[in-house]
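2 protein chains.
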Amino acid sequence: MKDLINIALDAMGGDNAPEAMVQGAVDALNYSDDIKLFLVGKEQEIAKELEKYTYDKNRLEIVNADEVIETDEAPVVAIRKKKESSMVKGLQLVKDKKVEAFVSSGNTGALLAGGTFIVGRIKGIDRPALAPLIPTKKGVSLLIDCGANVDAKPAYLVQFAKMGSIYMENIIGIEKPVVGLINIGEEDSKGNELTKETFPLLKEAPVNFMGNIEAREIPSGKADVLVCDAFVGNILLKYTEGLGLTFFGFVKEAIMSNLQSKLGGMLLKKSLKKMAKRFDYTEYGGAPLLGLDGLVVKAHGSANAKVVKNTIIQCIKFSNMKINEKIKENI
Amino acid sequence: MKDLINIALDAMGGDNAPEAMVQGAVDALNYSDDIKLFLVGKEQEIAKELEKYTYDKNRLEIVNADEVIETDEAPVVAIRKKKESSMVKGLQLVKDKKVEAFVSSGNTGALLAGGTFIVGRIKGIDRPALAPLIPTKKGVSLLIDCGANVDAKPAYLVQFAKMGSIYMENIIGIEKPVVGLINIGEEDSKGNELTKETFPLLKEAPVNFMGNIEAREIPSGKADVLVCDAFVGNILLKYTEGLGLTFFGFVKEAIMSNLQSKLGGMLLKKSLKKMAKRFDYTEYGGAPLLGLDGLVVKAHGSANAKVVKNTIIQCIKFSNMKINEKIKENI
Chain A
11 MKDLINIALD AMGGDNAPEA MVQGAVDALN YSDDIKLFLV GKEQEIAKEL EKYTYDKNRL
71 EIVNADEVIE TDEAPVVAIR KKKESSMVKG LQLVKDKKVE AFVSSGNTGA LLAGGTFIVG
131 RIKGIDRPAL APLIPTKKGV SLLIDCGANV DAKPAYLVQF AKMGSIYMEN IIGIEKPVVG
191 LINIGEEDSK GNELTKETFP LLKEAPVNFM GNIEAREIPS GKADVLVCDA FVGNILLKYT
251 EGLGLTFFGF VKEAIMSNLQ SKLGGMLLKK SLKKMAKRFD YTEYGGAPLL GLDGLVVKAH
311 GSANAKVVKN TIIQCIKFSN MKINEKIKEN I
Chain B
11 MKDLINIALD AMGGDNAPEA MVQGAVDALN YSDDIKLFLV GKEQEIAKEL EKYTYDKNRL
71 EIVNADEVIE TDEAPVVAIR KKKESSMVKG LQLVKDKKVE AFVSSGNTGA LLAGGTFIVG
131 RIKGIDRPAL APLIPTKKGV SLLIDCGANV DAKPAYLVQF AKMGSIYMEN IIGIEKPVVG
191 LINIGEEDSK GNELTKETFP LLKEAPVNFM GNIEAREIPS GKADVLVCDA FVGNILLKYT
251 EGLGLTFFGF VKEAIMSNLQ SKLGGMLLKK SLKKMAKRFD YTEYGGAPLL GLDGLVVKAH
311 GSANAKVVKN TIIQCIKFSN MKINEKIKEN I
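Those protein sequences? They're chains A and B, same order as listed. Counting from 11, one number per residue, gives the positions in the first sequence under the working numbering. Counting from 11, one number per residue, gives the positions in the second sequence under the working numbering.
Calculated directly from the structure, the hints in this document are not laboratory data. It is possible that some hints are incorrect.
What follows is a set of in silico ranges between Cβ atoms, one per label pair, in the way DEER data are often shown [what the hints assert, rightly or not]:
id : chain 1 : residue 1 : chain 2 : residue 2 : range
1  : A       : 263       : B       : 127       : 31 to 37 Å
2  : B       : 327       : A       : 279       : 38 to 44 Å
3  : B       : 91        : A       : 90        : 55 to 61 Å
4  : B       : 283       : A       : 284       : 20 to 26 Å
5  : B       : 163       : A       : 163       : 19 to 25 Å
6  : B       : 94        : A       : 197       : 20 to 26 Å
7  : A       : 90        : B       : 206       : 18 to 24 Å
8  : B       : 80        : A       : 182       : 34 to 40 Å
The structure displayed is predicted, hence computed values, not measured ones. All C-beta atoms, glycine included, are put in the ideal place defined by N, C-alpha and C.
Could you build all of it, start to finish, from the sequences and the hints given here?
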């Protein structure tokens, strides 16, 4: 029997847990023979959900965890107090090398804090970063950081640039990825205190730095790695989602506005659907916490079964490409 | 003869000056009998452009200004050094009450600095704010601040909330406008240092404060007044523009992808065009600098003649509604 990739899943985290988590896990198992899954959470609830499905029982284990960290809990406190939570137990599995990856849709701040305390950081990295992909004209760009470190320092942003470059080169396959510093003007001297101090540091850093990038240019795909502090990143990420939905709502409205438009809409349906996929976050799976000494992947808080499945499948690639080892070597 | 509203225009500011400025001015003159325009800038260049058009010569004056402040100049230095610039001279006209409004597409930072130094602030306002409208499902929301004060203090944000509320109530006609603090979570305790300190102040302020608003919810129109520091505001504003363009590009691509889609696109053309207008910044005219003791309006840096015309026409409403007087009374 070949070596399986062991992946743990937080069965209790996210808006649609445990139903969507369990379904996504089963779908991933049935999709790939290369993985074995560890569902971490309340044993009875998980077992009850699992009864609905057919799957290879040899490749799925339940790891009991009696507590759940909720979305609105203070991250550090939650991680320290809830030792029996699915999140803490899942992170411990990574730490103990019992699994190669841990996927969670739960509290982002807690996952970052827990990742830092339990799994630990790669030497040379001050803060792990949450780095999702966003759609552009060219394909995708990496938005780093969107995590919970809202008051960032210039040195962190330089580390983000390096980690993001390694990610885009190894996972997405872009040679010498272009790094842009998100800013309110293209000129070198523009920005707030943070970006002004970061600019000269990025110029000296071993990355392909293009300079500042204005938000207007983000969707063009000019920069493969978009560097910013987590407050700005989080806002951009969520605005992309919100504006995408609104935009499609407007298109729908335009289509439904009269008989002629309805007919046009019918003819366009297939092409528009294909296009909509590019704005659909469920297509992109999860985002890794870069900079941890082990693989921890955040899936969207409202992840459905499809996102969960895609995120688990993504872990196979992360694992094969040894993304964290590459960051370790290059920092 | 009735009293005309005197409006000055920076004929030299912006990417398309002086051509677009002069054409927009003439279009505005021909559209409204209520205004008289003062074109500030290089006399010969303006006169040469004016030769192309027919208009009421009694309602247009050229105010010569030999210097131009460029987009990439350091704002404060430029304002102090270039006393003969079109921007400084235009602002001086407002200060001297020779005109009721000054419109410029030039350097935003310089306009804010010049507005503060030359026209002066309303008592009780620490920083004037640039407050453009952005499209939402419900109509429009005011994004305040998008200006050049990138390292804001909590007290400024409270002033922005008050000024924004007065604007939305008086200019857009929304009763008790809802104020939201742009943040990375809905919970009261979320955010960076600035938003965490601002939250309790806004709770106590005499505005209709809904609490934090996540970026995902901005396009829903839940909040009429969106409060943030200028770095975040500027990024959101420009990202809206960029993403709108990309989105329309994607729709176009979908339409052109095959014969059936092309036919569908033809049938949908009219409805889609109507929809596109909502994302077209040229429809919204300019954005006032709220908090100055006189009316100064910023038009988009790449404003074309249509934007210039719309911004001038907007000034009639600003003037009639006495927006600055209302801010003065209520701060």
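Status of each hint after checking the structure:
no.	hint	result
1	263/A to 127/B: 31 to 37 Å	violated (46 Å)
2	327/B to 279/A: 38 to 44 Å	holds (42 Å)
3	91/B to 90/A: 55 to 61 Å	holds (57 Å)
4	283/B to 284/A: 20 to 26 Å	holds (22 Å)
5	163/B to 163/A: 19 to 25 Å	holds (20 Å)
6	94/B to 197/A: 20 to 26 Å	holds (24 Å)
7	90/A to 206/B: 18 to 24 Å	holds (21 Å)
8	80/B to 182/A: 34 to 40 Å	holds (38 Å)
Violated hint for the displayed structure: number 1, the only one.
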